[in-house]
Structure formats: structure tokens, C-alpha cells
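Asker: Residues per chain are reported as follows:
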Amino acid sequence: MNLQADNIALHGRTFLVGDKIKPLCLQACVLLIPFVIFGVFLLFYGVNPVQLYISMVRSTFGDLYGFGEVLLKTTPILLTGLAAALPARAGLINVGGEGQLAIGALFSTWCAVFYLERFPSWAGIPLMLAAGALGGAVWAGITAFLKIKGKLNETITSLLLNYVATFTVGLFVHGLLKDPKSFNWPFSPEIAPALRLPVVDGTRLHAGIAIALALVLVVWFILYKTRIGFRIRVLGSNYLAAERAGFKVNKMYFWVLIAAGALAGIAGMIEIAGIEGRLRPTTGVNYGYLGFLAAWMAWNHPLRLAVSAFVLGMISVAGNSLEIGSGLPSSSVYILMALVLFFMLGSGRRLKR
Amino acid sequence: MKVTRKSADTCILRTEGLTKRFGSLIANKEIDLEIKPGSIHAILGENGAGKSTLMKMLYGVYEPDGGKIYMDGEVVSLHPPIKAKAKGIGMVFQDFRLIPAMTVLDNIALAVSDGGWRLKRKQLRERILKVSAKYGLSVDPDAYVWQLDLGERQRLEIVKVLLVPGTRIIIFDEPTSVLVPQEVESFLRMLDLLRKDGYGIVLITHKINEVLACADQVTVLRSGQITFRATREEGLEEEALIAAMMGAGTLKPVVKHAGDAKEERQTVLRIERGTIIGNHGETVLKDIELSLKQGEITGVAGISGSGQRELAETLFGLRGLSSGRLTIDGKEMTADTKSFMDAGVSFVSEDPLRESVIPGFTILEHMVLDGIPMKPKRAGIDWPYVRRLLENSEEARALALADADRRADQLSGGNVQRMVLARALIRQPKILIISYPSRGLDIGTTHTIQQQLVTLAERGTAVLLFSEDLDELFKLSDRLIVLSGKRLLGPYRPSETNAAEIGFRMLKGESA
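Read top to bottom, the protein sequences are chains A and B. First residue of the first sequence? That's 1 in my numbering, and the numbers climb one at a time after it. First residue of the second sequence? That's 354 in my numbering, and the numbers climb one at a time after it.
Errors might be hidden in some of the hints.
If the Cβ cut is set under 10 Å, some of the chain B residues that face chain A in the computed set are [what the hints assert, rightly or not]:
1. Q476
2. A496
3. W499
4. T690
5. K691
6. S692
7. R707
8. S709
9. V710
10. I711
11. G713
12. D822
13. D824
14. E825
15. F827
Restricting the straight-line Cα-Cα distance to at most 30 Å, the calculated cross-link-like pairs of lysine-lysine (DSS-like) are [said to hold, decoys possible]:
16. K560/B with K251/A
17. K251/A with K684/B
18. K730/B with K225/A
Examples of chain B residues lying across from chain A (beta carbon under 8 Å, computed) [claimed, not checked]:
19. E383
20. M694
21. F714
22. L722
23. I725
24. M727
25. A732
If you are wondering where the hints come from, they were derived from the structure by calculation, not from laboratory data. Glycine included, C-beta positions come from ideal geometry on N, C-alpha and C.
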């Protein structure tokens with residue numbers, strides 16, 4: 001038994017290269033197979049999958065506008081992806097990016113509409129960002145509190161709170177935050193132009209992507225280069241060992257969830273300040289789940305997340321061209337995403353080792 | 354089922370030049386082995402000598418890379434295990450393959466199938482009772498496995514193997530490591546009965562006493578090769594066996610200076626009227642009194658599952674006392690691991706593989722968790738400093754710790770044990786709570802560890818040593834306590850008691 005284990009370790013050192021290639025191939029397969037299966041699905045509906053995939057890539061890289069659109073979709077996915085990946089490194093499953101984003105959007109809109117109306121950009125935007133982060137953190141705080149004080153599983157509570165968040169946003173846009181000039185449509189008043197994020201000329205692309213990428217680097221740095229990150233990763237790999245090393249496990253769980261909520265909340269703020277300009281019941285819908293998917297695709301690694309979020313951004317945009325070009329509803333790309341997640345989950349166990 | 358006496362000289366199973374490689378490493382090299390009916394064949398060897406690999410080839414887990422296995426004179430292939438089982442080879446594993454949530458009867462039914470559709474519980478129960486009465490293997494067919502202690506589980510495993518039709522060879526993998534002395538005696542009696550009934554018995558062990566007590570034939574393995582072979586008629590001598598196991602290096606005995614009995618040592622940790630509750634809300638230990646003294650090794654004996662784990666966890670702040678007081682240096686402690694660590698307590702858990710190894714992390718990275726201080730370097734950790742400290746530590750060197758950059762989850766059990774021990778020792782703790790330090794380790798390493806514990810105590814550490822090996826407890830302890838029936842008995846002076854008395858208390862408590 002011992003000999004065998006020793007030997008495996010020895011093996012790993014001697015044939016490091018071979019051992020690394022195999023998981024990489026497997027990873028590639030896991031990412032490719034869903035596209036093949038979705039391709040078969042498309043064939044049944046008379047759409048040429050090869051053409052679609054090509055047009056997908058072309059519309060992304062073909063012109064600045066298309067590229068901007070993809071990055072627009074990528075931005076919130078990156079942030080909600082971080083909101084899933086960071087807790088995952090600590091051994092927590094946060095499915096609540098959706099709700100945390102919504103409440104972040106609610107908080108930031110509330111602040112923008114009622115307090116930051118006359119603020120200049122340099123003060124108003126950071127404050128609005130902080131409000132969004134606070135909103136997400138508060139929402140994640142409920143999950144964290146229930147986890148620590150009530151021993152409730154964070155996966156369940158964060159998921160269920162998503163629905164509560166959606167209805168909370170609905171309550172506000174139908175009531176306290178409803179635009180008086182909206183002729184009874186459920187949305188908030190528009191935020192001041194000074195609070196809008198700067199936009200790249202010729203596209204709709206705004207500064208949000210820079211914020212998101214910066215936060216990706218921050219999370220990566222914290223996880224892999226700092227003592228607290230080391231502790232988080234220890235906790236995520238073996239919480240018994242963390243407990244035995246004297247870590248305040250509950251405190252760590254709490255703050256990691258709060259940080260995750262803040263990240264998702266920032267995504268909500270960016271949606272408001274970057275694109276929508278006002279809060280609607282549909283603001284940011286699905287980005288929480290897409291972020292979760294992106295985090296899984298990236299094995300919860302922040303830098304790989306940048307890639308997976310971009311791929312999901314591409315697929316989302318492709319939905320539009322699919323609808324225009326073939327008559328299939330744009331939501332049919334969710335089938336592709338579901339397939340991706342399905343294969344990721346299936347292979348997760350095998351690749352973990 | 355029975356093998357006739359007539360065929361006694363011919364072997365049931367014979368191997369010729371059996372070889373197994375793992376990559377570049379040769380785990381077993383040209384092993385010739387004979388297993389005869391009505392005879393006990395002991396395989397002795399240190400950990401990593403290749404005993405387990407050899408047994409796994411005989412049980413069909415591994416396919417040999419070279420050599421042949423003959424049964425009744427014909428070449429056979431035993432891989433996978435189902436073939437070995439069909440050919441009459443049974444194995445009693447060290448880590449039992451049982452399902453805790455099911456009854457004894459159902460566990461046996463899983464292994465013993467007569468091929469029919471219906472589960473014939475009544476018939477099976479009769480067979481179980483018959484076999485267990487015959488060999489003195491008392492098991493209650495209706496008890497749930499989670500209710501059984503380790504000794505009972507082992508008996509269940511043996512019954513399971515015996516009930517498989519056609520079993521001729523039984524392989525025991527370190528069978529006595531889970532038994533108390535009294536149980537070892539009855540185990541050896543049972544082996545004798547099995548031998549008389551013509552079973553071929555293979556006994557894997559590292560305990561020389563047992564080999565001397567029962568084996569008809571001994572094969573000693575070292576580094577995957579046979580270094581010694583003898584039968585009882587040729588004479589079995591302890592020295593020769595040790596020499597064959599250890600090779601050229603000889604063991605220095607663990608030196609333990611007799612403590613000054615007169616001088617009363619300072620108490621560093623104390624539990625007064627402490628009650629400890631288990632995971633299911635049951636009382637595990639009631640109204641216990643315990644004090645650990647500077648420079649003393651306190652040994653804890655007890656049948657496994659008598660509250661060792663819960664007591665150890667309480668002493669490291671992982672579990673709170675439900676009533677009573679726990680003080681360190683007179684200061685009352687609450688259940689908080691960090692404050693216990695700050696008070697100088699170090700902890701080696703009974704299951705380091707599960708509780709200490711962090712998958713994907715290297716040995717070096719494990720060192721900063723309760724070992725070498727996590728020295729800051731800007732926002733990160735000063736790894737070169739940690740590495741220097743680790744490389745300069747005599748504890749790590751004495752334990753022959755594996756390379757600091759190796760991933761801990763790829764180490765063998767023995768190497769993991771070395772790692773957690775080195776970590777605890779490097780810290781020079783004021784109080785060391787250590788569970789089963791020599792479990793799964795070879796004689797050489799066990800000696801090193803025991804010596805290190807003694808040295809640590811001489812430097813003033815209060816050591817609480819949990820062990821299932823009474824020899825070890827007697828050899829190292831200044832005082833002995835026994836956990837039995839929710840009570841903590843003792844302390845006793847090792848010089849004023851003996852293994853039989855302690856064993857009796859483990860089983861029956863104080864009063865009986």
C-alpha cells in the first residue's frame with residue numbers, strides 16, 4: 001500500500017509532462033463535446049452548426065462593435081463568476097450571484113436616484129459602486145449569517161434568496177423607486193448622466209470591463225500571493241485541517257461570502273451605470289447563473305475565469321445572431337450552456353485529483 | 354470445505370518468481386512462496402517492504418508483472434479479486450470493508466451469495482451461528498455494524514470469509530493491530546483452530562511475538578525481496594528475524610531516563626469533573642479528572658472508541674466540555690483551537706490523512722500550519738525562511754521527512770505520519786496531544802518517533818500519548834490512564850501494574 005503510494009508520487013515527479021498533458025486533453029474534450037452535441041441539435045432544426053460557430057467567432061472579432069458587445073456580456077459574468085469562484089476556493093458554494101447582483105443594482109440605483117443626483121462623476125461613480133458592493137454584501141450576509149448561526153447550507157439559502165431578491169427588486173420598481181413619469185411601467189427613474197460609466201466611441205462598451213478585470217487580478221493576487229489567500233485555500237481543500245491549524249473557520253466563511261456578495265453587487269452597479277441607466281425587474285437577469293457556470297468552467301481559478309467568461313459572453317451574443325439568422329429563439333443557446341455545465345460537473349470529480 | 358490431511362505436504366498455492374513493478378520501482382522481486390494446508394505462514398516486514406503488494410497479488414488486486422502462481426500444481430490467474438475469491442482465497446482486510454448502517458447478517462449476505470434470487474436470511478443466520486460457535490467468533494447477527502467495536506468487526510470479517518463456499522486460504526492483513534491483549538490471545542487460539550481444520554493461513558504482520566507464538570513458516574521481506582525464510586522445525590529466533598527485517602542497521606533501544614519521582618512536577622493542563630459529549634449527543638466520558646505534568650508522558654490505553662478521539666479533540670479546543678473545567682496553567686480555557694495553540698498545545702490527530710493533509714499542497718506548505726511560524730513577507734509568506742527552518746530542523750532529519758516540495762496527498766501513509774509528527778515536534782510545544790504515533794509505521798521509524806517523544810518530554814513538554822500498542826505505552830509512559838465505560842481510570846504507574854491488568858481494565862473497567 002505504502003509502496004504503491006510512494007511510487008505514484010515518484011511517478012508524478014518523473015513523468016511530470018505526461019501527467020500534465022492528459023488532464024489538459026480531458027479538459028479540452030470536456031469543453032468541445034457540448035459544442036458537438038449542440039451542433040447535432042442545430043442540424044435537426046436545419047441550422048448549419050459550423051456556419052453558426054464561424055459566424056459567432058466572426059461577429060466577435062469582426063468589428064469593434066461586435067467585440068464590444070461580447071465584452072459587455074463578459075463584464076457581469078466575470079464579476080458574478082468571481083462571486084462563485086472565491087467562495088469555492090474556501091469550500092463554499094455560492095449560487096446567489098443572481099440575487100446579490102440584483103440587490104447591488106437596487107442599492108446603487110437607490111443611492112444614485114436619491115442621494116447622488118448632483119454629484120460629479122469622480123465622486124458619484126465610486127460612491128455608487130460602493131453602494132452596489134454594499135447591497136451585494138448585505139444580501140450575501142444573510143446567507144453567511146444563516147450558515148454560521150443557523151448551520152444552514154449556503155448552497156440552498158443563497159439559491160433561494162435569489163427569488164427573494166428578484167421580488168424585492170420588483171417591489172421597489174413597482175413602488176418606492178418607480179419613475180413617476182413612467183406611465184406605470186415598472187422601472188426606476190433614470191440616473192444622472194454624470195453617474196454613467198465612460199463609453200468607448202463607436203460601441204456601447206463602457207469602463208466596467210476594466211473594473212471587472214482589475215478585480216479579477218485582485219482576487220487572484222489575494223488567493224495566491226497572500227497569507228489570507230493561503231488560509232482560504234487551505235480551508236477550501238480541507239476544512240478539518242484548517243480547524244486544526246487554529247483558523248477561525250466561521251469567521252473566514254463569513255467574510256468570504258461577504259466579499260463574494262460585494263463582487264456580485266458591483267456587477268449590479270455596473271449594469272445600471274454602464275448600460276441600463278435605470279433599474280428594471282429584468283436588470284442583470286441570468287448573469288448570476290452564467291457567472292456560476294463560468295466559475296465552474298474555469299475550475300474556480302480567477303485567471304482562467306477571464307477566458308471562460310469571455311466564451312460565455314460570446315455564446316450569449318451568438319444567441320442574437322441565431323435568432324436573426326435561423327429563427328431559433330436566442331434562448332436556445334442556454335441549451336449549449338447547460339451542456340457545458342453538465343459536462344463540467346461530470347468531469348469534475350475525475351479531474352480534481 | 355475441509356482439506357484432507359492426506360494432501361498436507363502438497364501446497365495449495367505456490368508462487369514462482371513473482372514480480373511487481375510500479376514504474377521504475379520494483380515492489381516485489383522474484384518472490385517464491387508456498388502456502389500449505391493446515392499451516393500458518395507469516396509474512397514479516399517493515400512498512401514498505403512489499404508485504405501488501407504481495408498479498409494484493411495473491412488476492413488478485415494486482416496482476417503480477419512477472420512470475421507464476423500455481424494452485425494445486427496448475428498455473429492460475431487470480432486477477433481480478435473475484436477470480437481469487439472463486440478459487441478459495443479469502444482476505445481479512447486491515448481496514449474492514451463493512452457497511453456500518455447494515456446489520457451483521459446483511460453485511461455477510463452481501464459477501465456470501467448462493468446465486469439465488471431470494472435472500473435466505475434464516476439459513477444464513479444458522480450458518481453464521483454455527484461457524485462463529487465453532488471458532489469462538491462471537492458475533493450477534495442482528496447487531497448493526499456501527500455498534501460493534503473494532504475487535505467485533507474483525508470477527509465479523511473473518512466469519513464472512515469463512516462462509517464463502519470453498520475458502521481454502523485466508524490472508525490476514527495486520528490482524529492484531531486493532532485488538533487488546535486478551536483478544537489477541539483468543540485470536541491466536543482461533544488461528545490454531547483454523548489450522549487444525551486444514552486452512553492455509555497467511556499472516557501479514559510486523560509483530561515478531563505473534564510470529565514466534567503461532568507461525569509454522571516465516572518469510573521476511575525487505576525492499577521487496579525475501580531476506581529470510583524458515584520453518585518452525587528449523588527454528589525461529591527473534592534476533593534472526595529482526596536482523597532480516599531491518600537489514601544491516603541495528604536498533605538502539607529507546608533510552609528513557611527514570612524521572613525523579615520525588616520531585617513533584619508542575620501541572621500544566623488540568624480537567625476537573627469534565628464531561629464530554631460525542632457527535633450524536635451521547636455522553637462519551639463522564640466526570641473525568643486529568644492532569645498533565647511538565648516533562649511527563651501520560652499514556653492513554655483503551656479499546657478503540659472509548660472516547661479517545663473526543664478526549665483528544667477536547668484537549669485541543671475542537672470540542673467543548675459539556676460540564677466541568679479545563680485549565681492550562683491555571684487559566685480556564687474555552688473551546689477555541691487558536692487559544693489552545695497560543696497556550697502551547699500541539700496536536701497530532703488519529704487520522705492525519707483525513708484531518709491534516711490538504712490536497713494539492715506541498716509538505717513545505719503544510720509546515721506553516723501549526724509548525725513553523727507563518728513568517729510574513731509583504732502580503733505573502735516568506736517561503737525561503739520556512740524552507741531554511743525545515744531543512745535545518747533535526748526533527749525533520751531524524752524522521753527522514755520526504756522532500757519538502759512533494760505534494761502531501763501523494764505521500765504514503767507512513768510519510769504523512771512523519772510529516773505531521775515533524776511538524777508537531779518542530780514547534781517544541783509545551784503540551785503535545787498525540788494519537789497513535791506509530792500506527793502504520795515500521796519498527797525503525799517507530800523507534801525514532803518514540804525516542805523523539807522521550808527527548809521532548811525530557812525538555813519539559815507534557816505529552817499525552819494515545820496508543821493501541823500496550824508495549825509502547827508501557828515503554829514510554831510515566832503514568833498510564835485507561836478509558837473504559839465512559840470513565841477515566843488511573844493514573845497508574847507502569848512499574849506498579851502490567852499489561853494484563855491494564856487490558857482487564859480496558860475491557861471491564863475498575864470494579865469488575
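Asker: Decide, hint by hint, whether the structure agrees.
Answerer: Going through the hints against the structure:
1. Q476: violated (36 Å)
2. A496: violated (29 Å)
3. W499: Violated: closest Cβ of chain A sits about 21 Å from W499/B, beyond 10 Å.
4. T690: holds (5 Å)
5. K691: holds (4 Å)
6. S692: Interface hint status for S692/B: holds (9 Å vs cutoff 10 Å).
7. R707: Holds: closest Cβ of chain A sits about 7 Å from R707/B, inside 10 Å.
8. S709: holds (5 Å)
9. V710: OK, holds: V710/B within 10 Å of chain A, min 7 Å.
10. I711: It holds, given that the least Cβ distance between I711/B and chain A is near 4 Å, below 10 Å.
11. G713: Check passed: Cβ of G713/B comes within 6 Å of chain A, closer than 10 Å.
12. D822: violated (19 Å)
13. D824: violated (22 Å)
14. E825: violated (20 Å)
15. F827: violated (27 Å)
16. K560/B with K251/A: Violated - the C-alpha atoms of K251/A and K560/B are around 47 Å apart, more than 30 Å.
17. K251/A with K684/B: Holds, at about 25 Å.
18. K730/B with K225/A: Status holds; Cα separation ~10 Å.
19. E383: Not OK, violated: E383/B not within 8 Å of chain A, min 16 Å.
20. M694: For M694/B, the interface hint holds, since the closest Cβ of chain A sits about 4 Å away, which is under 8 Å.
21. F714: holds (7 Å)
22. L722: holds (4 Å)
23. I725: Where the cut-off is 8 Å and the nearest Cβ of chain A is about 12 Å from I725/B, the hint is violated.
24. M727: holds (6 Å)
25. A732: Constraint on A732/B satisfied, holds at 4 Å.
Going through the hint list in order, the structure does not satisfy hints 1, 2, 3, 12, 13, 14, 15, 16, 19 and 23.
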